[in-house]
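*Asks:* Following the hints, complete the assembly by docking chain B onto the known chain A.
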Amino acid sequence: MKIKTKYLGEIEINEEHIIIFEEGIPGFIDLHKYVILNLGDNTPFVTLQSIENSELAFILLSPFNFYPDYEINLEENIQQELGIKSPEDVMLYSIVVIPEDIKQMRANLKAPVVINIKNKKGKQVIIESEKYPVRYYIYEENASLQNTGEAR
Amino acid sequence: MLGGEIEVTILESQGEQVKIGIKAPRHLKIYRKEVYEQIVKENQEAIESVPSSFEGFKNLLK
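Chains A and B, in that order, give the protein sequences. According to the numbering used here, the first sequence is numbered sequentially starting from 24. According to the numbering used here, the second sequence is numbered sequentially starting from 58.
Same shape as in the complex, but just chain A:
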């Protein structure tokens, strides 16, 4: 099917790739269908594009891109809700906020987007651990990035 997207214009997607967020995403609870799209071959960023609203698209990063030791404990009721049977079923993403000053880029580690790639169910899960903040400033926390990745 053809869909309109915020970042990639009109594109063709395979309906089998549509991910269902039964409860929506906090702040956008009326929208349930999304698709994950690559923003290019050579970038870690992907977009979580709403099928129902072409203007609504989150930018996502795998937390392992900037926080290699990231680890969450998915509670049993959430595993059941998403039909997760093994860790291999799961893709994890962090929603990122990219302000004008790109060095202030931050990622939400407290509420990762969890997707069961087998049955295409997704949910933004709020984890209880106090370890991970809602606003994790990627550049401030990673000194090695300070001098790389300048915006063009």
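Check the hints yourself; a few may be wrong.
Unchecked claim - The calculated SDA-like cross-link candidates involving lysine to any residue, where the alpha carbons are at most 20 angstroms apart (straight line), are: (1) 98(B) - 153(A); (2) 141(A) - 106(A); (3) 144(A) - 43(A); (4) 154(A) - 99(B); (5) 143(A) - 165(A); (6) 80(B) - 150(A).
In short, the hints are calculated from the structure, not lab data.
*Replies:* What follows is chain B alone, placed relative to chain A:
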């Protein structure tokens, strides 16, 4: 009791402070409203703040 499933009790009351206990079945998730609202706000900012073009940031963090 709320909806026959959720039990709210006053654990302690001292001056202006009240401690409340909530008992609920495991399948019901309880979040502090502030946490949920913080997630909502952050999601809205994620949508609003992202540059209109991804050319500027897609080469970051490669």
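*Asks:* Please verify whether residue 98(B) and residue 153(A) have alpha carbons no more than 20 angstroms apart.
*Replies:* holds, 18 angstroms
*Asks:* For the pair supplied as a hint, residue 80(B) and residue 150(A), confirm whether the alpha-carbon distance does not exceed 20 angstroms.
*Replies:* holds, 19 angstroms
*Asks:* Under the criterion that the straight-line Cα-Cα distance not exceed 20 angstroms, is the pair residue 143(A), residue 165(A) satisfied?
*Replies:* violated, 32 angstroms
*Asks:* Compare the distance between the alpha carbons of residue 144(A) and residue 43(A) with 20 angstroms, and conclude whether the hinted pair is satisfied.
*Replies:* Holds, at about 5 angstroms.
*Asks:* Assess, step by step, whether the Cα of residue 154(A) is no farther than 20 angstroms from the Cα of residue 99(B), and give holds or violated.
*Replies:* Distance of about 18 angstroms is within 20 angstroms: holds.
*Asks:* Measure nothing beyond the straight line between the CA atoms of residue 141(A) and residue 106(A); if it is 20 angstroms or shorter, mark the hint as holding.
*Replies:* holds, 9 angstroms
In summary, the structure is inconsistent with hint 5 from the numbered list given earlier, while agreeing with all the others.
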